[in-house]
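Enquirer: From first to last, the protein sequence lines stand for chains A and B. Sequential numbering from 1 applies to the first sequence in this note's numbering. Sequential numbering from 1 applies to the second sequence in this note's numbering.
What the hints contain is simulated information worked out from the structure, not anything from laboratory work. Source: prediction; values computed, not measured. A virtual CB, placed ideally from N, CA and C, is assigned to each residue, including glycine. Treat the hints with care, as some may be off.
Claimed, not checked - Covered stretches of chain B, as calculated for chain A (at least 3 residues, CB under 8 Å):
1. 50-59
2. 100-107
3. 142-151
Said to hold, decoys possible - Restricting the straight-line Cα-Cα distance to at most 25 Å, the calculated cross-link-like pairs of lysine-lysine (DSS-like) are:
4. B:Lys204 <-> A:Lys135
5. B:Lys204 <-> B:Lys139
6. B:Lys97 <-> A:Lys135
7. B:Lys204 <-> B:Lys171
8. B:Lys97 <-> B:Lys130
9. B:Lys77 <-> B:Lys204
Spelled out, the chains give:
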Amino acid sequence: MHHSFKTLAVSETPQLLFGRSLKPVSCGFGLTLGNGEVFPELNFTLPTMVLDARNLSAVFAHYEEIGLMLERAAARLKLPGLVAEFELLPPMTEHPAWGAEITRILSQHLQKLHAECGIPCALRVTPTDIRDVTKPPELRSGIPLERVLQSFEQCASSGAHIMSIESVGGKEVHDEALLYGDIDGIIFALGVLAPRDMVFLWDRIVAICRRDGLVAGGDSACGFANTAMQLSAQGMLPEVLSAVVRAASAVRSLVAFECGAVGPSKDCAYEGPVIKAVTGAPISMEGKSASCAHFSPVGNIAAAMCDLWSNESVQNVRLLSGSAPEAYLELLAYDCRLFNVALKLGSASHYQQLLVNSDAHLSPQAYVLTPISTIRIAKAIVGQSNHYLMTLAAAREAVVLLESAAKAKELDLNSREADWLIRIAESLGALPSEEGQMIALMDERYGHLYDRGSYGL
Amino acid sequence: MQELDNLALLLEQGQMQSVTTLTQQLLDAGIPPQVILNEGLIAGMAVVGKKMRDGEMYLPEVLQAAGAMQAALKLLKPHLLRDGVPSRGTVLIGTVKGDMHDIGKNLVATMLQGAGFDIIDLGVNVSPEKFVQAVEAHKPAIVGLSAMLTTTMLTMKPTIEALRAAGSDVKVIVGGAPVNQNFADQIGADGFARDAVLAVERVKQLIDIVP
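Produce the complete structure using the sequences and hints provided.
Expert: Right, here's the structure in full:
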């Protein structure tokens with residue numbers, strides 16, 4: 001039974017704040033998220049090294065070292081709470097036992113941290129979506145799907161507390177459409193293909209989590225909107241396009257919650273604020289303290305509504321201070337102290353305003369993340385009857401927001417960006433209002449890229 | 001020649017229909033196909049590459065130009081073959097084993113096509129053995145290896161070793177987010193490029209084509 005969100009959980013901007021969610025989530029070792037505090041979510045990965053069966057002891061040793069560091073550094077930094085995220089690399093999902101063993105190692109260290117220091121903590125585990133190994137991807141059957149689900153099951157029974165994924169349904173079309181700046185294909189991928197795959201996948205993930213008493217966290221439009229963001233950062237795509245993609249991508253990420261996910265949403269899901277407004281669930285976000293993994297134009301504003309604050313990913317290498325994961329845990333810890341002292345002193349709204357205003361006028365991608373934009377996009381989404389129309393409405397609302405902001409000189413847009421915004425608005429305006437028409441139209445253009453059966457079409 | 005300059009400009013603007021129409025008109029007027037290719041189409045794509053590198057063109061505009069180039073090449077190809085004009089060379093490209101990322105690799109392939117090279121794209125997750133087989137079958141001038149992960153970039157070295165063990169001296173160029181010149185040197189690659197535009201320049205250098 002899927003939940004359909006017809007109204008907003010949070011419809012007023014003052015209630016859309018960091019550290020506070022309408023539906024806090026309890027998980028792991030005594031941790032409650034979204035209940036008045038922001039906690040660090042530390043994500044880490046291997047340094048440059050071979051990852052195969054012959055090298056497993058060296059791989060496990062890295063996670064053992066990270067686990068020991070977490071125990072030591074969390075106590076040193078007097079953290080009020082902590083989420084550690086283990087994001088599997090593709091071979092760790094192809095061989096589910098490898099990911100399960102690393103889950104066990106990390107979970108044991110967190111258990112010890114809680115037992116010995118009383119620090120509430122939880123482990124998020126994120127198997128890799130490896131179903132796009134074939135072209136076109138076979139999403140609903142085959143060995144990659146089996147491995148992904150086995151990975152969820154084995155990690156779930158090895159000590160994971162929160163489970164997430166960055167799923168790839170629709171990406172095969174989105175990649176192509178994005179490179180050509182084809183808004184029609186983008187909306188089709190995000191509004192028709194991706195939601196269908198999300199339902200298929202998240203029904204299964206939620207079932208595993210419920211069976212084992214775990215928290216179904218959420219998904220991320222990483223392969224979609226973050227790809228756009230990175231191409232914009234390299235000057236390859238207009239920022240207005242990436243901003244519209246971000247807004248539109250919220251719908252496919254929302255589907256996880258329709259299927260039963262409860263948050264915290266995934267850190268790299270910059271569309272998280274819309275999820276929070278619609279569902280009331282706590283969200284994880286990343287920004288300036290994730291520059292170890294990638295750059296972004298939303299370093300401060302991304303923090304404005306977060307409940308977990310993440311570094312995205314850092315390799316386990318040595319820096320002058322110590323290990324890179326420990327260095328980034330310290331950065332996150334100090335960021336979180338500021339959030340939490342602002343909440344305690346009644347200055348949270350003012351601090352949020354600083355985070356928002358420092359970024360919003362400089363980038364369209366930041367502008368669509370303001371609390372006001374978030375509520376507007378979320379409202380546009382819940383007023384629609386199916387995922388295609390929800391996606392279309394989110395994209396159109398983002399365009400209206402950007403047009404108004406540029407006109408009011410609240411947002412700096414150069415002439416090339418402004419031209420693209422007009423082009424996007426015209427394309428969105430010409431799209432059919434019936435999903436069936438859209439499918440027929442896009443099947444002609446992109447039918448060679450995707451397997452209809454993988455989407456139940 | 002004014003018409004060739006016009007052709008280059010239309011290509012830069014990505015006007016596929018106009019590019020193909022003018023290409024056909026130039027062929028009908030007896031302009032040698034190699035001249036149309038070099039002084040019209042490749043000249044236009046060179047401007048596109050420069051503008052992309054300088055941040056003056058977005059990727060969709062670049063790809064539109066590349067699409068116009070492909071359409072015009074279809075018209076020219078039979079004439080070039082008839083005149084015995086050699087291809088600029090074949091580049092065999094793929095993302096290495098264990099890695100599914102293909103956007104960067106696809107961009108490089110598109111820009112190389114735009115520069116007049118023939119491309120054989122092996123796709124993603126390509127094993128060293130598959131690279132060896134494809135090199136033996138297609139005899140490319142260059143092999144391009146792509147990787148996006150710090151764990152998969154290490155597969156580039158065994159891929160190059162497999163090519164050498166099979167007796168191939170094909171030049172190998174590598175790229176991808178975690179790759180740099182130092183790494184390329186360490187694994188015995190012949191070249192490295194940090195983006196698609198530089199990849200075209202590096203490929204030209206490796207096979208001694210004057211830009």
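Enquirer: In ascending order, which of the hints set out earlier in this document are inconsistent with the structure?
Expert: 4
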